[in-house]
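Visitor: Can you make the complete structure from the sequences, with help from the hints?
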Amino acid sequence: MGKNSKIIEKDEIVIKFAGDSGDGMQLTGTQFSDASASFGNDLLTFPDYPSEIRAPQGTVAGVSGFQVHIGQKEIQTPGDQADVLIALNPAALKTNMKWVKPGATIIIDIDNFDNKHYKKAEYVEDPLSDGSLDEFTVIKAPITSLSRSTVNSLELGIDQKTADKTRNQFVMGLLFWLFNRDVTIGESFINKKFAKKPDLVKVNIAVLHAGYNYAETIEAIATQFHVNPTKTKKGKFRQITGNIATAWGLIAGAEKAGLKLFLGSYPITPASEILHELSGRKHLGVKTFQAEDEIAGICTAIGASFAGCLGATSTSGPGLALKTEAAGLAVITELPLVIVDVQRGGPSTGLPTKTEQSDLMQAIHGRHGESPLPVIAASSPGNCFDFAFTACKIAVEHMTPIILLTDGYLANGTELWKIPDFEKMPSIKAPLVKDNDPNYQPYKRDPEKLNRFWAIPGQEGLQHRVGGLEKLDGKGSVSHDPYNHQVMSNYRAEKVKRIENYIPKQEIYGNCDGGDLLVIGWGGTYGALKSAVNEMREEGYDISLAQFNYICPLPRNTRDVFSKFKKRLVCEINLGQFVDYLRSQYPEFKYEQYNKIQGLPFFISELKTKFKQILEEK
Amino acid sequence: MTQVNIKLSKADFQIDGPVKWCAGCGGYPILAAVQKALPEINGVTKENVVFVSGIGCSSRFPYYMETYGFHSLHGRGAVIASGIKAARPDLQVWLTTGDGDSMAIGGNHFIHMIRRNIDINVIIFNNRIYGLTKGQYSPTTRLGSVTKSSPDGTIEQPFEPGELVMGAQGTFFARVIDKEPKGMEEVFIDAANHKGTSIIEVLQNCVIFNDATHEIIVGKDVRDDRVILLKHGEKMIFGRENNKGLVFDGNDLKVVTIGENGVTEKDILVHNKTTRNPFMHYMLARMNYPEFPVAIGVIRSVEQSTYDELLTAQVNNAVENATIRNTTELLNSGKVFEIK
Chain A
565 MGKNSKIIEK
575 DEIVIKFAGD
585 SGDGMQLTGT
595 QFSDASASFG
605 NDLLTFPDYP
615 SEIRAPQGTV
625 AGVSGFQVHI
635 GQKEIQTPGD
645 QADVLIALNP
655 AALKTNMKWV
665 KPGATIIIDI
675 DNFDNKHYKK
685 AEYVEDPLSD
695 GSLDEFTVIK
705 APITSLSRST
715 VNSLELGIDQ
725 KTADKTRNQF
735 VMGLLFWLFN
745 RDVTIGESFI
755 NKKFAKKPDL
765 VKVNIAVLHA
775 GYNYAETIEA
785 IATQFHVNPT
795 KTKKGKFRQI
805 TGNIATAWGL
815 IAGAEKAGLK
825 LFLGSYPITP
835 ASEILHELSG
845 RKHLGVKTFQ
855 AEDEIAGICT
865 AIGASFAGCL
875 GATSTSGPGL
885 ALKTEAAGLA
895 VITELPLVIV
905 DVQRGGPSTG
915 LPTKTEQSDL
925 MQAIHGRHGE
935 SPLPVIAASS
945 PGNCFDFAFT
955 ACKIAVEHMT
965 PIILLTDGYL
975 ANGTELWKIP
985 DFEKMPSIKA
995 PLVKDNDPNY
1005 QPYKRDPEKL
1015 NRFWAIPGQE
1025 GLQHRVGGLE
1035 KLDGKGSVSH
1045 DPYNHQVMSN
1055 YRAEKVKRIE
1065 NYIPKQEIYG
1075 NCDGGDLLVI
1085 GWGGTYGALK
1095 SAVNEMREEG
1105 YDISLAQFNY
1115 ICPLPRNTRD
1125 VFSKFKKRLV
1135 CEINLGQFVD
1145 YLRSQYPEFK
1155 YEQYNKIQGL
1165 PFFISELKTK
1175 FKQILEEK
Chain B
393 MTQVNIKLSK
403 ADFQIDGPVK
413 WCAGCGGYPI
423 LAAVQKALPE
433 INGVTKENVV
443 FVSGIGCSSR
453 FPYYMETYGF
463 HSLHGRGAVI
473 ASGIKAARPD
483 LQVWLTTGDG
493 DSMAIGGNHF
503 IHMIRRNIDI
513 NVIIFNNRIY
523 GLTKGQYSPT
533 TRLGSVTKSS
543 PDGTIEQPFE
553 PGELVMGAQG
563 TFFARVIDKE
573 PKGMEEVFID
583 AANHKGTSII
593 EVLQNCVIFN
603 DATHEIIVGK
613 DVRDDRVILL
623 KHGEKMIFGR
633 ENNKGLVFDG
643 NDLKVVTIGE
653 NGVTEKDILV
663 HNKTTRNPFM
673 HYMLARMNYP
683 EFPVAIGVIR
693 SVEQSTYDEL
703 LTAQVNNAVE
713 NATIRNTTEL
723 LNSGKVFEIK
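In order, the protein sequence lines correspond to chains A and B. Counted the way this note's numbering counts, the first sequence spans residues 565 to 1182. Counted the way this note's numbering counts, the second sequence spans residues 393 to 732.
Calculated directly from the structure, the hints in this document are not laboratory data. As the structure is a prediction and not an experimental result, all values here were calculated from the model. Be aware that one or more of the hints could be misleading.
[Claimed, not checked] The following residues of chain A were derived to be distant from chain B, with all beta-carbon distances above 12 Å:
#	residue
1	His790
2	Leu893
3	Val1051
[Said to hold, decoys possible] If you want the footprint, here are the derived chain B segments under chain A, 3+ residues with CB under 8 Å:
#	region
4	458 to 468
5	560 to 574
6	696 to 707
7	713 to 721
Each residue gets a CB set at the ideal place from its N, CA and C atoms; glycine is no exception.
Guide: Right, dumping it as structure tokens:
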């Protein structure tokens, strides 16, 4: 160690990387989180990117960010505010000032802090001299110039554009020192990434060391942080985003069911990675069909299911709206189909790159006619895998379309995810029919689940017709009989209702026997709600959490769970859709609600403030 | 026991129940022709054929076939069929649709299905009217027609299905007449044997809402002078006296009379359905009365790789060269961190 620095042990720490959307912030953040994972920290990441691919350089609109929360303790959220902010230009600093903790360390690239950049960022006063940064530790690192001079000193004939791309490694080197990490982890990352380009390996490693040495040398950084490896997690882990986990869950579900997976999809933010991932998984027998529109996406999937594959389609809110007519067709034809809706800010194009939970009503009710289908929601990036798998299981075993809700926050966030044992996952048994079964009827039902059976084209002696017209109970011919329509409508509703017998009971985190306040959430808010409830419990409050993954039908003990608490507070990233749904399902209870709709996840601090307020109210 | 392949017949594809089109509907002869054609198509069994449709009178078709069938949504038959064929290339997939179903509400899917050249046989029942909704004009209704929704005559240029097919890079286009069963059967067999999207436009009569709309062309008294049957490799000659033919005047097709103005049979164009350049096929497909005879028969049939073939090849190749072969291997691939 080159100087006498102080090392502070931390349980957890939040680092925010911010720069122009072309600066590779996501990559730098990922590299840092990989290094933290290999060190053994628990972690969660969350990118924050603009909807413009490359907004004008240096402007506030073009700022792209990536937040990494690492810890020795269990990490549930990307963190409310950053302990360390890396801002590569004034716009990045300006955008992120409200997201840093008081006293945080701010690392800026001083080479970009000039009048030209201030003007682009619309700074009136020089933020470095107007006193606004007085309460922070500001490290003014000449990142660009030192990266360039390091690259040039190697005399490999590297052009300036390529040289500037090494700035990320300078930042990494700096962070490796700041977090007291072994710099060789960074070297091995570079060796792998540029394996076929030895010159790039040389310059990037040189810049990495330059950043490390710079941090070690300058007096401005007197403190190093140390976050110990986690003790709560043991075993094999990987970093995974919600979208990749969703794609893999579908693959796992199809394999368990012994079916080929078919995804029909149209690109849409923030769901496209599911299509990307699955289109690269042909080696597992997966077929993907990039359709001409959202309707074609779902319809090809329905066609594939009719033909005996596990059909799936992925989209976001506007796309789900376009798919609703076809979802109704899947309801009446009673074919398995997984519809993944990665929710984003709406209505219309809304906030396409930001998160929201505002498609709940659309998912439950958004179809013409009496058109019931099950709805489930994932609650962490990693458990998108479990719920995609569960969606496959319900779709196949109950012969129904199902909507899986995730959101932009889960889809793009990553967590350190324990790799599940596929062999130990539950079986999925498709209700198939034997060739030439003399008793086969297209709409004959299983007496328990009420699903119809699945005869697949190519099977001998089972030719039948399905379609959008109402079918005669059992026989399945077209029927306009009034009474039959009532019978079939009742069957379809009851079939979905009975899924409650095949899903787990609702769990309570906290006091299972009840108490003062039950916080109720669903889907992607789990991390924030659990962290906030946890902190409150540690402070001695009587507070518990029920986070719902099964939305329609609700778990069969829901009424029992609600009845145990004096107060119920439903928290959602919308204007109150789940709470309205609960009011319709269990009107006997009084529900408080807390809603936020800013394209952002909940912060623990705001939740605790609300919880305390509710607990204090008489 | 040796397996005896009993040849299927028309009756094998007929359903027990009633067919519910209006009496005199052009749908009946089309249905009969399909049921007669199927046993003549290589590899067809009752269980490996799927009939798909959208919405409209034409789209009730799957209910009348003793095969697997899927009656879907208005305009969406093309994509349901595409999903079936992409998922299961071993199945023979047929799509029955109408002028509204395929070219109005389903126009987008129609052109993309053709562009992909996915192996589906498409029969368009072109009666130039909306029948099931009782008589509004369709995208193929002739300009100026008075219908329920155009009391002062339509002001929209109609589509010629063939023009759309050529524009979407179609590889097979044929036109047939609902009251000519022999011609339909032959073309249905050709379409089924063609690899790729085969579009067959049937000039179909709607007896209730647009009766006799095609009679101006196919009526008994005028047919021979107003219809030309195209046969691959043969001169494009037509007429009651078999003395009219088509020539290319450097700008457009032209109808000439053999023996007049020095025209001999040698001057008449020969039909080549396999020319890759769609220019001639486009001109033939858009020929219309009164300037030209309406072309029937197979106008275009060119070979090109199909979507389902290419997709299957990609998947098979990937599976063969897989280093990750199942979910367990997938889950443990790439960067895995062991925390002790």
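Visitor: If any of the earlier hints don't hold here, list their numbers in rising order.
Guide: 2, 5
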